[in-house]
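Participant: Residue numbers (the UniProt record's numbering), protein chains in the order written: chain A, 1 to 133; chain B, 1 to 1089.
No lab work stands behind these hints, which were simulated from the structure alone.
Hints are not guaranteed to be accurate.
Once the Cα atoms are required to be at most 25 Å apart in a straight line, the calculated PhoX-like pairs of lysine-lysine come out as [to be verified]:
hint, chain 1, residue 1, chain 2, residue 2
1, A, Lys47, A, Lys85
2, A, Lys47, B, Lys960
3, B, Lys1038, B, Lys996
4, B, Lys996, A, Lys14
What you are looking at is a predicted structure, and each value in this text was computed from that prediction instead of being measured.
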Amino acid sequence: MRLLTHNFLRSNVKGTENGYPLQIEVAALNYEESPVNKEFLLNILPKVNYPALRSAVQQISHRCEPTLPEIPENLDVSDTEGNEKLDDATIVKLHRVLLDVYLVEGWLVCPDTGRKFPVKDGIPNMILHEDEI
Amino acid sequence: MTTTPANNTSSYRTLFPHEPLPPTSALHLQGAFVPKRSSDPSATTSSPLATKCRCSSPTYIERTISTRLQQIMIRFGMNAASIETVEAISTAEEDVSKVRITLRSSLETRRFVDRWKRRGLCPMDILCHDDGGGGCCGECGARYGGRPIQITHVSPVAVPEDGLTNEEEDSIRWGRAAPPKFQRIINGDVEDMEQRRSVARFVYLENVSGWGVAIESTDTTTHVDEMRQCILSILNGDALPLEKLMNEKCNNNSNAYDDVNKFGSNGLVASDVQDDIHQAFQEGFRHSISLCPSLASTSLGVELFMKTDTKQKKNKTKNGLTDGSNHLYNHFHVGMRSHEDAARLIQDWQGKQLELTIDLPTSFVSLFRDKDNYIAHEDATLLDLSTSTRAIITMNKLFLDYADISLPKRVRTRLSPEAQTPGLPSRSECTSTTSHIYIPGLHLLPNYVSSDEEQVLLAVLTGPEAPWAPPQYTPSGGQIKRRVQHYGYVFDYESADVLRRDVNTNVGVDNTGIDASCCPPLPAVNWKSLDKAKEVDDLEEWIAQHVAERRGWEVLAGVIERTRRMAFSSYFEIYELKKRDGLNFDEQTAALSLNNEDSSMVEPRSHNHNHTISVQEGNEYQIESMVEPDQGTDESLKCGSSTKGTYSHINQLTVNEYAPGQGIGSHVDTESAFDDGLLIITLNGGIVMEFRKVGEDTKKLVYLPPRSLILLSGDARYRWEHMIVSRTTDTVEGEVIPRTLRVSLTLRTALTVPLEGEQAVPLSRFESTIFPPYWGQPSDTQPVVDVNTSAIIERTDLITPVTESKHVHAVYDAIATQWHHTRGKRGVLWPGATQFLENLPPGSIVADVGCGDGKYFSAILGANSYVIGTDISEALLRTASSTEKSDGNKAKAVNGPQYQRLSDEKLALSAFPAVAVADCIHLPIRSGSCDAAICIAVMHHLSTVGRRIRCLTELARVVKVGGLINVQAWALEQEGDSKRKFNGSDLLVPFNAQPKYLQASLAKTDDGASNYDSAADGKGVAQMISESYDGAEFDSKKNLVIFQRYCHLYRRGELEELVAQIPCLELIESAYEKGNHVVLLRVCGADMS
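Go ahead and model the full structure; you've got the sequences and the hints to work with.
Facilitator: See the structure below:
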């Protein structure tokens, strides 16, 4: 599971208000650099919840080999024109954190209820039990 | 010892081994006891015939045999003093061929006979003088023969008692050489079995083995414990311990009797002792039967049929094959003197643990003495006869049943020649249609439902939506095997009554505490279910429209209503007239429609107006004067609600499924429970129904063809029993018709329990227009049910129904690999969906809800968008991400042609597509985060309206305002050339799964998959898998597992109706594409939290 995907997932357990963002507990990570497509990244960026992305990076960075690049503390990604002015180095950094790091094994934890959703072979299992509906 | 000459042999008969021992019996030795003069001429001259040698005199023979018998008996371990008489029987001088010997007791005699038989002695062995040499008479030199002496156990023929008259009849059935073969009466025609059981005098006994043995002995010199062990092993069919014991005790002594060895015997052998035990056991068993109260048979009259072939047994034990099924005592048969006795024995002993006391034979007991006290057989006379040793044997709980003799064929023909008449079908009786049969009040209407109606009804009644009640019990405690479901009111088979309840109060909203009387309501006609713009008030038109739309429950409601309106009396009068007049009655006219304005109309209207029945000119029938033969009784029996031959108060429906081989016992429907008029509609498979006049033997067979309706009224309802014989074929007009599944609809009018002096009236109708019907559903006699207002999402809708978990989720998990290989990889995408994806602005985030193996991922990534796919099946999702991540070329090869046009960076994305396991009605995606969503081939797997709405609501929630959603689902309306044609909107669609793929799927999802790997021994993988999945079947011919996928097929406009209930969704476009309905939706401004 990429951090880009993580950015869109939420917990659906009964009693949650937002269920977002999901905390990440890492058991195994995979990092593999892929070709950077600037146009694609700029198209995607406005849809990303940046604070959630940054907190996710902080949660997993120390578990990653090599260490994930630092991304800016504050970035208004919804500003499409502002995104156009981003320097190439930042674009690459964003690409690396959004697309090149995968959570292979671990858990996603609901911030409201503490419910842990397992991630196995990169696939999070978000199925709810009957009493969570 | 006295010898009495007598020539009369006719007053004796042979005793069979199974027969009880009479108080007196004898044994006959038959052979050439008078030696033959040598044919050598020299011998003839030296001893002329004139000089009689004493060796041919009866007295001499008697004396010699007596002496030798005593020696032999000692050798046999018997008491030599028990010989009472030896009597040579000669028809003429010098022709003694038979010797009759009487022993003190019959038991002794039987033992002696058995032992003798085992050795096969001949006259040379017993008559030859020791000094004679060479088998000759020492004086005259005549030679004794070497042919064995025949020995038979005989009894004086007594004056036959009354109870013994069966004997002769039975002895015809089996010769003395061949003991009869028995079979329990459990196979065959029901009636035939009943008939045979009601006369059987033979009883089958099982579970006799499983012994507890205790020994009671007054002889203090024996080792009781060893004896106990030995008896146990003998009773379990293992003679080895006994043989061992015999060898130890007897070997030293046998050599001293060389002269006896020439008898061909080795003294007393183990099987002799074993036989003694068997004999003693049989005596003990007979005795305990005689203790059974109120039996007419005494222990003398009871025949006992046990396997007595110990030889075979011995061989088996020597090979170490002691198999429990071969125990001599495992089961045997008892012949009682009469059926009444047999019935009493079964009643008295069934399930009892019997205790048998048997007197142990001295031959056995003496084996257990100390070496010092052991008395060898030659000294058997010295045994202390005053001591007695008994074994008390405790049996298992007995099982008893009637049995009869399976007759050899030739005997059967001799006994009942009429049963063997050639040319008649043996399996089922020949049946004609009603045209040749008249039962007052019985009427059959062929083609009562059209074949289109039948298809639609079958689809819904055998489909996943149909409720089926758990099996009910009959009064006798048996379980009803066929599937049965009641609507409106429950008929309880155990009490044979309708379970009446106040339909207004028992509205089971909480369906956890379902009581026995609770059942789904009767389907009712909802006039407004059709297009509101066009009011339809003609029932047939209403039905036809619902048939066209494949709305099975509505069609069922329509057929029930049609039956209520049917004016049977007028119809049948004409039908009868036509038939009796010999006119060619066209069956098409039977499919007549009704006239809802005038039920008293004499002339029913037909669908096909060419076939209207009318009173013919010049051949006028006087309808009014038509009187049915039993009309008087008809009228007197009717309760009043069904006058004029209409049954307008029908309030109960029973759906029965008769699989081939299933039937129903002979019965008259409970009179107090149902009014006159039982209407039975037959669907899919025809069947022969048997009618039997109550209290009489009259039997009539009626074939009920598919789509027919049969009415039982008047006598046919009250005075004739009806039944369906359990078998797999019927014979109709000489043609054998294999049965297929028959679905029958029985329509009845359930009655109230009347107050005193009042008449029973029909119970009020408990019916509903909300479909599918379910338990605890409130009755809805208010005719208006608008789908648009009834759709509220209940909490129960959020929990996965069994239909889906069993017939959707489990199936896709199992077939994931095959699905991906055979469908996903082909890359066949719906053009409409592809176009939708390509038209999205670049960089769109697309939710693919129910993405399966991700066959649209390439199209989404190719359009420069990002996809988040979810699916309930983890197995399918794994096939989506199974691409080799590092090798782009491999990715292309593995995941199919659609990936070939992706650039490298897209391939990187597709290598690990963003997927999550999730339910489409609980999406784990944050609200408003996606630019678009697709939901393809998912909605048709949701089984309730609430869940379908919830799915659309979730799609609307995750997509931002203004975003687009593309939904596709399977259409009820298939294209003309499609191989699929659907008769109902909810059904199970089979998926043929190949075992090789199944194994791969299991290996990926299930850690316990190794179980299947080792399945090579014995069962195949496919069979094992089909057994482990509830609802999957195994096709042994093709080695396939057939899974059933639940599908709801959407009618034209149905998706739009659902969308209309969600305020924030706006319908942009509807389309039909290759058997699917497609809707394009836009999320509008309404707040969806």
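Participant: Against the structure shown, which of the earlier numbered hints fail to hold, in ascending order?
Facilitator: Hint 4 contradicted; others consistent.
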